[in-house]
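Whenever a hint applies, use it, and build me the whole structure from the sequences.
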Amino acid sequence: MDRSRPNLWGFLFISPQLIGLLFFSLIPLVYAFVLSFTDWNGFAESSFVGLANYIEQFKNPDFFTAIINTVYYMILVVPIGIAIAMILAISLNKITGKGIYRVFFFMPVVTSSVSVGIIFMWILNGDFGILNQALSLFGIDGPMWLTDTKWVIPSIALLSIWWGLGYNMVIFLAGLQGISKSYYEAASIDGANAFQKFRHITLPLLTPTTFFVTIMTIISSFQVFDQAFVMTQGGPAKASYTIVFHIYDQAFVDFTMGKSSAAAIILFFVILIFTLVQFKLQDRWVFYEK
Amino acid sequence: MKNNENTVNVSTKTLTKPLSKFNLSKFSLHIILILGAAVMVFPFVWTILSSLKGMSQIFVIPPQWIPDPVLWSNYIDSLLAMPFGLAYFNSFYITVIIVLSTLITASMAAYAFARINFKGANILFILFLATMMIPKQVTMIPLYLVMDKLGWLDTHLSLIVPGALFNAFAVFLLRQFILGVPRELEEAAIMDGAGYGRIYWFIILPLIKPALAAIAIFTFLQAWNNFLDPLIYLNTPEKFTVPILLNSFKGLYTANWPLMMAGTVISVIPVLLVYIVAQKQIIEGVAITGMKG
Chain A
1 MDRSRPNLWG
11 FLFISPQLIG
21 LLFFSLIPLV
31 YAFVLSFTDW
41 NGFAESSFVG
51 LANYIEQFKN
61 PDFFTAIINT
71 VYYMILVVPI
81 GIAIAMILAI
91 SLNKITGKGI
101 YRVFFFMPVV
111 TSSVSVGIIF
121 MWILNGDFGI
131 LNQALSLFGI
141 DGPMWLTDTK
151 WVIPSIALLS
161 IWWGLGYNMV
171 IFLAGLQGIS
181 KSYYEAASID
191 GANAFQKFRH
201 ITLPLLTPTT
211 FFVTIMTIIS
221 SFQVFDQAFV
231 MTQGGPAKAS
241 YTIVFHIYDQ
251 AFVDFTMGKS
261 SAAAIILFFV
271 ILIFTLVQFK
281 LQDRWVFYEK
Chain B
291 MKNNENTVNV
301 STKTLTKPLS
311 KFNLSKFSLH
321 IILILGAAVM
331 VFPFVWTILS
341 SLKGMSQIFV
351 IPPQWIPDPV
361 LWSNYIDSLL
371 AMPFGLAYFN
381 SFYITVIIVL
391 STLITASMAA
401 YAFARINFKG
411 ANILFILFLA
421 TMMIPKQVTM
431 IPLYLVMDKL
441 GWLDTHLSLI
451 VPGALFNAFA
461 VFLLRQFILG
471 VPRELEEAAI
481 MDGAGYGRIY
491 WFIILPLIKP
501 ALAAIAIFTF
511 LQAWNNFLDP
521 LIYLNTPEKF
531 TVPILLNSFK
541 GLYTANWPLM
551 MAGTVISVIP
561 VLLVYIVAQK
571 QIIEGVAITG
581 MKG
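Quick note, the sequences are listed as chains A and B, same order. Just so we're aligned, residue 1 is where the first sequence starts under this note's numbering, counting upward by one. Just so we're aligned, residue 291 is where the second sequence starts under this note's numbering, counting upward by one.
Worth flagging that the hints you see were computed from the coordinates, not collected in a lab. As the structure is a computational prediction, the values presented were derived from the model and not from experiment. Glycine included, each C-beta is placed from N, C-alpha and C at the ideal position.
30 Å max Cα-Cα, derived BS3-like pairs, lysine-lysine: (1) B:K540 x A:K238; (2) B:K426 x A:K59; (3) B:K499 x B:K570.
Simulated DEER-style distance windows between Cβ atoms: (4) B:M422 x A:L8: 26 to 32 Å; (5) B:W491 x A:Q282: 37 to 43 Å; (6) A:F252 x B:G487: 42 to 48 Å; (7) B:N412 x A:D62: 41 to 47 Å; (8) B:W491 x A:A52: 52 to 58 Å; (9) B:S315 x A:L281: 34 to 40 Å; (10) A:I95 x B:D444: 48 to 54 Å; (11) B:G441 x A:F64: 34 to 40 Å.
For the chain A half of the interface with chain B, some residues (derived, Cβ under 7 Å), not all of them: (12) I14; (13) Y101; (14) V103; (15) V114; (16) S115.
Written out as structure tokens, the structure reads:
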């Protein structure tokens, strides 16, 4: 009869994940903080350097390049990616054959970053890529997508929107299922047209989903790395050098673990602040049904 | 747009509505969606077509759509150039262990948080939630050092053990599901003297199967497509998982697009086949994880 000892059993049940939490998340997090105050380079002895690594980041032009590139990417991916996913989900929600369309739109989600990266390297190839050949049919001289400093971030954003569209669409579709039909019926009786229904029923009642998708997309945008690593190695001329690229480069190319940790901690706080602000702002626009 | 297409089943008026207009707006929506779906799938189709061409066909302008001759040899060359089979084996067994262990360890923790009234449960649960906010790049360097200390660098343990023992998201999601299970179902068993272990195994687990399936799918995709961790931890090509093997393959054959496309197809096709067979479960599983998360 084991129900008399809840403390023992509780800890027993959580122990595997608790060990994981300690060793693979909490202790490394504390360790990252400690490292960020040292000049450790991976080999020699390290010493405490105070805030020097943090100050160094703010003097480092690469750090600012990384921030600008990441924010630029985010400004493209978040609104465009979410808008397309939402419109797509709303369209699919009202037609027959939703299931078949869903299969196609979701397909890229299951593939790895490396494979989609290579696929887009070929599609976006400036000289022989199919995209520029298609554009030339309309008389447009397409840019050298991945080797032009002006176009490389939009190119990566394009890939990410394509790659993540199916995921966001599925979340929106699930959100739409949660909206009761009775609202639409009542609105019809009152003579509302399709746009009014969208504006006053769908959009507000979908805001909890939109909120979730926005937070997730912002967080993943801050962490964009794989695509740039595979397609451009951060180039040309650091034009696709992102924050995580900066962290990776300092740690595993330059072996300046202290500096890299400082950059990672800054990223952590930036994401934390962004998310907290989003949660604070949510009562201004997110509508929860009582 | 005074015509309201959504009300077909509500008002009897719709029966007298001009059918042609109704059909037209749906029809044009279908056309747009078909075009959209084509754009989504096109990159894969183009990859397959490109993978079967020779170097002389691939750089032709305007593009030659259908490969002629069809060069299956690109696939043989790719498979000979890199140990794809081995990478598949590595990815497969690593992913399976991670998925199975996650299902067990995460559901155990979720059950404890949902149903066992133990000391410190709340604080610990909040800790689990809080760690979901930590970007993995923050713990990337310390974890690398931990793996180094443990002697796990360049071994699969560096991928398997963290994956198997830590998944805060799975714990959170499964807890939400267990909270939704009516307590009456357990009460009879408690009366009969069943302990936590038996209730977890015989009552809770069978009832949360859909959530377990969703977690299995989500964890599978994450582990299978994981790029950053194996990139950092593994050095020996024989130990590579599919994504990083493909990445080094890419480095080897820059500008040999047919071969690169063949390598990409080799690494993508099995996942796409699984997807096509189990698409309903995969999409719905992902929807569940999104909604409760």
